[in-house]
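**Student:** Taking the hints into account, I'd like the entire structure generated from these sequences.
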Amino acid sequence: MTFDSREQKLDELLQSYRAACPDVDGGTNFMPRLWQKIESRQTVPFRMRRFAQAIVSVTAVLCMGMSVLLFSPLMQNSALPSYVEALDSMHQPEVMAYADMDEVDSGLSTGGEITWQ
Amino acid sequence: MLIDFSLIQRAKEGDDAAYNEIVQAYRKRILGTISRLIGRPEDVEDVGQEVFLRLYFSLGQLRAPEVFEPWLYRLTVNAAYDYIRRNKRRPESRMSDLSELQVQAADANAGSRVRDDEVKKGEIREFVQTLLGKVSPEDRILLTLKEVEGLSLKDLERVYHINENALKVRLFRARQRVLKAFDSSQSGLEPPPAKDDQNV
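Order-wise, the sequence lines are chains A and B. Mapped onto this note's numbering, the consecutive letters of the first sequence carry residue numbers 231 to 347. Mapped onto this note's numbering, the consecutive letters of the second sequence carry residue numbers 27 to 226.
Don't read these hints as lab results, they were simulated from the structure. Computed from a prediction, not measured in an experiment: that's the story for all the values here. Hints should not be assumed to be uniformly reliable.
List time: in silico BS3-like cross-link candidates among lysine-lysine, alpha-carbon distance up to 27 Å [claimed, not checked]:
| hint | chain 1 | residue 1 | chain 2 | residue 2 |
| --- | --- | --- | --- | --- |
| 1 | B | K38 | A | K239 |
| 2 | B | K194 | A | K239 |
| 3 | B | K194 | B | K180 |
| 4 | B | K54 | B | K172 |
| 5 | B | K38 | A | K267 |
| 6 | A | K239 | B | K147 |
| 7 | B | K54 | B | K114 |
**Tutor:** Structural data, given as structure tokens:
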């Protein structure tokens, strides 16, 4: 068989294949089944979207509440220490350490036993 | 186009009645194409529903109503390709796969029947489907769209999103592979099975 005749035969075969295939219409249940599938697939994303919206709303409310608390004058006066207070609280352990050292010194000078209090 | 652009626009905006009209207009054509692409009449409706389901959920991504038809064909090709890939290993019994003894027995059984037009059509369907089953799903779908469905190169360009020259090369190679399988079927030799990585 030559190349051209093979090509021609294949073309004819494919053309007759189209004619040999029956028309398919899907039947009367096609549309109801399709809508059933659409609705069943719609429910999951819809729930997810609603859940995500709820999460976003709650987060937004929490953020607003926190920022109001953080920047309110009441919080600044009572809860947050001033710069001087903060420095003071940082130096307190140092003062205590000096006090302890005084006690150690006094123990050495009297020849007694060194005791750490 | 089987429908107005305004109908597509309405469906895009969420009008279910417009979507229904689109499905009714294209149902027969798409199901026919699917039946020739996958070659299994019992599964045509399921694949068709998958196509229209994908259409419903991705209609919002359609940029212009003018490209609706190639876009629908693209959804059809993708659904058919997914189906063929999923069912590649499903056992399938066709006349051409049976032994000579089994064919003789089947012939003897069918001898009493009249060989009418429907029987001939059935044989053609079976032969072509077996032939196309010997090449890769990509070759099978491309060749069916071009030679059986009658899509032009311009249509195929828009379906596959590749230029005409690349398409011609793919078509040529696909045709050569089908011709090879055709020759083997004529000489009675079985062609080698299609490889997964036989992309053109």
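**Student:** Taking 27 Å as the top limit, are the C-alpha atoms of K194(B) and K239(A) close enough?
**Tutor:** The given pair, whose Cα atoms are some 20 Å apart, holds under the 27 Å limit.
**Student:** So if I understand the rule, the pair passes when the alpha-carbon distance is 27 Å or less; does K38(B) with K239(A) pass?
**Tutor:** Cα-Cα ~45 Å, so violated.
**Student:** Taking only the CA atoms, is the gap from K239(A) to K147(B) under or equal to 27 Å?
**Tutor:** holds (16 Å)
**Student:** K194(B) and K180(B) were given as a pair; does the straight-line alpha-carbon distance stay at or below 27 Å?
**Tutor:** Holds, at about 11 Å.
**Student:** Do the alpha carbons of K38(B) and K267(A) lie within 27 Å of each other, as the hint requires?
**Tutor:** holds (19 Å)
**Student:** Would you check the hint for K54(B) and K114(B), treating anything up to 27 Å between C-alpha atoms as holding?
**Tutor:** holds (26 Å)
**Student:** Between the alpha carbons of K54(B) and K172(B), is the straight-line distance 27 Å or under?
**Tutor:** Between K54(B) and K172(B) the Cα gap is close to 19 Å, so the pair holds against 27 Å.
When the structure is compared with the earlier hints, a violation turns up for hint 1 alone.
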